[in-house]
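Colleague: Here is how the chains run, residue by residue.
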Amino acid sequence: MYQKRLTLVKTLNFRVILFAFALIFGVVFSIPSLTQSEQGKKITLGLDLQGGLHMLLGIKSEIAIESRIKSMAASVKYIFDDEEIIFDDLRMVDGEKITFELLDKDDVIKTTALLKKELEGTVLSENGLKFSLAMTDEEMVRTKQNAIQQAVDTIRNRLNEFGLAEPTVAKQGEDKILVEVPGIKTQEDEQRIRELIARAAHLQLMSVDEDRAARVSTMSADEAKSFGDVILQDVNTPEKYLLRAIPVLDGSMLTDAKVGFDENNQPVINFTLNGQGAKIFGDFTALATEGGKHDRMAIVLDNQVMSAPQINERIGGGHVQVSGRFELSEAHDLAIALRSGALLAPVYVMEKRSVGPSLGADSIRSSSLALILGFVLVIIFMFIYYGMAGAIANVALIGNLFLILAIMSLFGATLTLPGMAGIVLTVGMAVDANVIINERIRELLHEGKSVAKSIEDGYSNAFTAIWDANVTTLIAATVLYAYGTGAIKGFALTMSIGILASMLTAIVGTHGIYQWLLPKIDKKKLGFWFGIKAEGAK
Amino acid sequence: MEIFKYKKPLELMSKSKRFGLVSLTLLILSLGLIFTKGFNYGIDFAGGTLIQVKYEGKAPIQKVRDAIDTDKSYEGATVTFFGGDDEVVIKTKMSSKKLGEDVGDKVRALLKTTGDFEVRRVDMVGAKVGSELREQGIMSMLLAILGILIYVSFRFEWRFAVASVLALVHDVTIAMGMIVLFGIEVNLDILAALLTILGYSLNDTIIVFDRIREGINTIKNPDLGSIIDESVTRTLSRTTLTSLTTFFVVLTLFLFGGEIIHGFSFTLLVGVIVGTYSSIFVASPILMWLGFSVSDYRLKEAEKLKREKEKEKMRAMYENGTI
Chain C
1 MYQKRLTLVK TLNFRVILFA FALIFGVVFS IPSLTQSEQG KKITLGLDLQ
51 GGLHMLLGIK SEIAIESRIK SMAASVKYIF DDEEIIFDDL RMVDGEKITF
101 ELLDKDDVIK TTALLKKELE GTVLSENGLK FSLAMTDEEM VRTKQNAIQQ
151 AVDTIRNRLN EFGLAEPTVA KQGEDKILVE VPGIKTQEDE QRIRELIARA
201 AHLQLMSVDE DRAARVSTMS ADEAKSFGDV ILQDVNTPEK YLLRAIPVLD
251 GSMLTDAKVG FDENNQPVIN FTLNGQGAKI FGDFTALATE GGKHDRMAIV
301 LDNQVMSAPQ INERIGGGHV QVSGRFELSE AHDLAIALRS GALLAPVYVM
351 EKRSVGPSLG ADSIRSSSLA LILGFVLVII FMFIYYGMAG AIANVALIGN
401 LFLILAIMSL FGATLTLPGM AGIVLTVGMA VDANVIINER IRELLHEGKS
451 VAKSIEDGYS NAFTAIWDAN VTTLIAATVL YAYGTGAIKG FALTMSIGIL
501 ASMLTAIVGT HGIYQWLLPK IDKKKLGFWF GIKAEGAK
Chain B
539 MEIFKYKKPL ELMSKSKRFG LVSLTLLILS LGLIFTKGFN YGIDFAGGTL
589 IQVKYEGKAP IQKVRDAIDT DKSYEGATVT FFGGDDEVVI KTKMSSKKLG
639 EDVGDKVRAL LKTTGDFEVR RVDMVGAKVG SELREQGIMS MLLAILGILI
689 YVSFRFEWRF AVASVLALVH DVTIAMGMIV LFGIEVNLDI LAALLTILGY
739 SLNDTIIVFD RIREGINTIK NPDLGSIIDE SVTRTLSRTT LTSLTTFFVV
789 LTLFLFGGEI IHGFSFTLLV GVIVGTYSSI FVASPILMWL GFSVSDYRLK
839 EAEKLKREKE KEKMRAMYEN GTI
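Protein chains in written order, with the numbering used here: chain C, 1 to 538; chain B, 539 to 861.
Careful, some of the hints might be misleading.
[Said to hold, decoys possible] Which chain B residues stay away from chain C? Per the calculated CB distances, all over 10 Å, these:
no. : residue
1   : P547
2   : F557
3   : L559
4   : I572
5   : Y593
6   : T608
7   : E613
8   : I745
9   : S764
10  : I811
11  : N858
[What the hints assert, rightly or not] Partial selection, computed: residues in chain B whose CB lies under 10 Å from chain C:
no. : residue
12  : R658
13  : V667
14  : E670
15  : R693
16  : V746
17  : F794
18  : I799
No wet-lab data here; the hints were simulated from the structure. We put the beta carbon where it would ideally sit given N, CA and C, even for glycine.
Throw the hints in and build the complete structure from the sequences for me.
Modeller: What follows is the structure, given as structure tokens:
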């Protein structure tokens, strides 16, 4: 007995030690995932397994250009008023450029210099006293890219403030945004999240065109445009307002937005403007009340008038209150949207997949069942057919499974339903290497070679076949990973990891075990060890 | 236990014309089905919305259909049982670009009166995304084949590469034919299954080819037919065993894996059978038909060996300082 143990120590080799390390590594690092413990790195379940919302959003970046032009127009007006340059007919043309006319020839040089200094990325062309201001091509591209990046950041901020666990927001391709929100429990939550993301949260303070306001009910949109006005509707009532198209200021000058309550205990949103905004707002309210006037100012959110209060005095300090007969949850979401900033361009849904938590649980149950059943079937089959050689292959197979889990845990990889299928399939394919090796060993034993020689030659004969087969499958899996989307990627990932892990377990590991056990393999018991009759063996 | 014990080579190549005919017939039938009946594209590729609803108890499918029909915009929507009889799937070509307006929400409202239910899944794919995914799918298939072609040419010889790729095309085409025949809905998972078949069938073919390559170098008789017979027979045991284990695994996936991966596992099931058949009966004869010559190959290999030896010699001389 002592003698035998000594021989097994003697035959310890680097292969079996490497395999033992791999096995320990596999078991240790897959424990956090298997027990779903709080500590340690573990596999994230895909949205199809834990339930959640997956969306691919497109972005209308041309709207970003348009609003950029709009804010340029507002700046031009502000600069001219500030510098007391007399101008006329300032308007936007087709959302592409701004045109205006100067009345005093002496202002031309001053104007060109001022606009060049204040408005970067624009080209000014003049025709006598008529000017047109447009964006440069580079500025257009930059604005579009900026709109996407800003949308990604804004949506991320909104979701984070909403208090969700680990939402993913990422740019995909040139102009798409991927949003993944796990763990949504109810349909109402999902709807709130969708609305929160979609909200442009484009806040504008606009002055009411009091000279023509009385005619608003009969005025057409085109007629309003000819006066440099727009007609917007109230958010709650059918009432229409005639407003100056160029806003006094917009949400970009906002520093904070909070939910509060008015004297009737209705939810309102209080927001604070930055220094520049507060100054513009103060100047405007002073102008609106000049000479005993009581002009109105409309608070416009996403092109709907929230309210249009009369201004009674100059308002300094930059504090503004918006009331709009909100629900409390609505006010809460709106404040988040305003705080995290407006979307420069609206987003739209290109793809949306939502999975309820109960379906995810069902999928986990059925695919785990398939995985375990398939695994057990293969293990029983291998043992019956190959005897101890089959058992050795089974040890490698179990090692392979743990290694896949461990590697995925360490990378924090996502396990999806097709990923589960990938693991099931890997089990089928990993065992193939051992089938090839065992067949080769049997062949050599039948030819009458010794056990040691049969094992060594069996491995070297089988190696090229296994290698080439694995490499070609890896090529297919890599292409799948590079070109696939979402769930398909998961499938390719688990399969690739499985193939690589099987090289270590099924080839190196089992080889090491054979070399280690060699002194114990009785050539008279080939039936027990290799599942064949011992006829030809020496 | 031993099922396939090698005694003497099976005479396969002499019957290769018959197998060729079988494959050709299957191929033509499959192509015929693909081009006449066509694929039943699911929402992933065609765009649209899918809503999976689970009821408490048996789903009142007629009521669901009636409820859906009350809204004109859902014309052409289909309602079918999914898995058991407590779940239904509603499919419509409609999709909505607006984040606030959700087809799922609307359907939920329509179904309000049909009983106690839970909406478990809403998938919506815009038409543009669908066509993009389809292009990507075809692209990935072609790229995978190209990569394989290059690798096999490099490791074996170009005729081996062409033969293995033709066998792949054979397998994937027949699998696609079966998908059309059984009206399986083609979504992204089916694409994944087809690519898996690609990998699997290739795996099988490569292992047979590896044995043929070995046979060419060790068997004295330069007759390709008999080398192939010998090699295929030698690997028959492995081919069948691996196919059986993989088949078992895929079968459990098909039977117990749940409705969502039904199409996926069905495609794999077909793929395993066709892949096994093709690696035994189709890939090797193609090698013969392509005019692979054993003696030419041996000559080339010998030359390669000679060149390498010469190089080695030169290097040795260089290192010894004789040059």
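Colleague: Each hint should be assessed against the structure and marked as holding or not.
Modeller: We went through each hint and held it up to the structure:
1. P547: Its Cβ never comes within 10 Å of chain C, the nearest being 14 Å, so this holds.
2. F557: holds, 23 Å
3. L559: holds, 28 Å
4. I572: holds, 22 Å
5. Y593: holds, 13 Å
6. T608: Given that every Cβ of chain C is farther than 10 Å from that of T608 of chain B, nearest at about 21 Å, it holds.
7. E613: Since the minimum Cβ distance to chain C is about 22 Å, E613 of chain B lies beyond 10 Å and the statement holds.
8. I745: Incorrect as stated: the minimum Cβ-Cβ distance to chain C is 5 Å, not above 10 Å.
9. S764: holds, 18 Å
10. I811: holds, 14 Å
11. N858: holds, 32 Å
12. R658: holds, 4 Å
13. V667: holds, 5 Å
14. E670: Constraint on E670 of chain B satisfied, holds at 9 Å.
15. R693: Check passed: Cβ of R693 of chain B comes within 6 Å of chain C, closer than 10 Å.
16. V746: holds, 9 Å
17. F794: Given a least distance of 5 Å, the restraint on F794 of chain B holds.
18. I799: Holds - the Cβ of I799 of chain B comes within 10 Å of chain C, reaching about 6 Å at its closest.
The structure is inconsistent with hint 8 alone, although it conforms to all the rest.
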